[in-house]
Amino acid sequence: MNNVITCVKCGIPLRGKQVKFCSASCKNDQNQSYAAQQARGLKRKLALINQLGGQCAHCGYKKNSSALDLHHVEPRDKSFALDLRSLSNRKQSKIDEEVSKCILLCRNCHSELHNPQHNLE
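Numbering-wise (my numbering), the sequence shown opens with residue 19 and increments by one.
Possibly wrong hints are sitting among the right ones.
[Said to hold, decoys possible] Cut-off 30 Å, straight-line C-alpha distance, at most; resulting in silico cross-link-like pairs (DSSO-like, lysine-lysine): (1) K61 to K80; (2) K81 to K45; (3) K38 to K27; (4) K35 to K45; (5) K35 to K81; (6) K109 to K38; (7) K119 to K80; (8) K35 to K80; (9) K81 to K61; (10) K96 to K109; (11) K45 to K27; (12) K112 to K96; (13) K81 to K119; (14) K45 to K61; (15) K61 to K96; (16) K96 to K38; (17) K112 to K81; (18) K119 to K109; (19) K61 to K112; (20) K119 to K45.
[To be verified] Quick list of simulated restraints, FRET-style, between CB atoms: (21) R33 to D95: 45 to 51 Å; (22) Q69 to S41: 32 to 38 Å; (23) K96 to K35: 17 to 23 Å; (24) R33 to G78: 26 to 32 Å; (25) Q110 to L32: 43 to 49 Å.
For the record, the hints were derived by calculation from the structure and aren't laboratory data. By construction, the Cβ of each residue, glycine as well, lies at the ideal position given by its N, Cα and C atoms.
Please take these sequences and the hints and turn them into a complete structure.
Below is the structure:
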């Protein structure tokens, strides 16, 4: 029984020192797929949430990572948004530099902070 290892992208048999991909093209295609970007962005966001204390800086919410945002304390210092797409495609050093300008807020506190004119009370 011959166990042939194939490229995870195209299925071509791997040769020599190839471990997962048969070519740089297959590796790039796989790593830039939507699913790969989402997974990479989420992994980085979870690490940043932990780095910033794991909960909303105002109310302590910590139930769902999708409900936690990175808020730029000084909007004029913001170089780029820290959404999943941005987190998945930027160098870690640039992300770390941008995160140093942020605090962790839940979506409710973040909305209230940016839109005080919409308060019902």
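So, going through the hints one by one against the coordinates:
no.: 1; hint: K61 to K80; result: 17 Å, holds
no.: 2; hint: K81 to K45; result: 35 Å, violated
no.: 3; hint: K38 to K27; result: 9 Å, holds
no.: 4; hint: K35 to K45; result: 14 Å, holds
no.: 5; hint: K35 to K81; result: 44 Å, violated
no.: 6; hint: K109 to K38; result: 23 Å, holds
no.: 7; hint: K119 to K80; result: 21 Å, holds
no.: 8; hint: K35 to K80; result: 44 Å, violated
no.: 9; hint: K81 to K61; result: 17 Å, holds
no.: 10; hint: K96 to K109; result: 16 Å, holds
no.: 11; hint: K45 to K27; result: 7 Å, holds
no.: 12; hint: K112 to K96; result: 12 Å, holds
no.: 13; hint: K81 to K119; result: 23 Å, holds
no.: 14; hint: K45 to K61; result: 19 Å, holds
no.: 15; hint: K61 to K96; result: 22 Å, holds
no.: 16; hint: K96 to K38; result: 38 Å, violated
no.: 17; hint: K112 to K81; result: 27 Å, holds
no.: 18; hint: K119 to K109; result: 16 Å, holds
no.: 19; hint: K61 to K112; result: 16 Å, holds
no.: 20; hint: K119 to K45; result: 34 Å, violated
no.: 21; hint: R33 to D95: 45 to 51 Å; result: 50 Å, holds
no.: 22; hint: Q69 to S41: 32 to 38 Å; result: 36 Å, holds
no.: 23; hint: K96 to K35: 17 to 23 Å; result: 43 Å, violated
no.: 24; hint: R33 to G78: 26 to 32 Å; result: 54 Å, violated
no.: 25; hint: Q110 to L32: 43 to 49 Å; result: 29 Å, violated
Hint violations for this structure: numbers 2, 5, 8, 16, 20, 23, 24, 25, all remaining hints satisfied.
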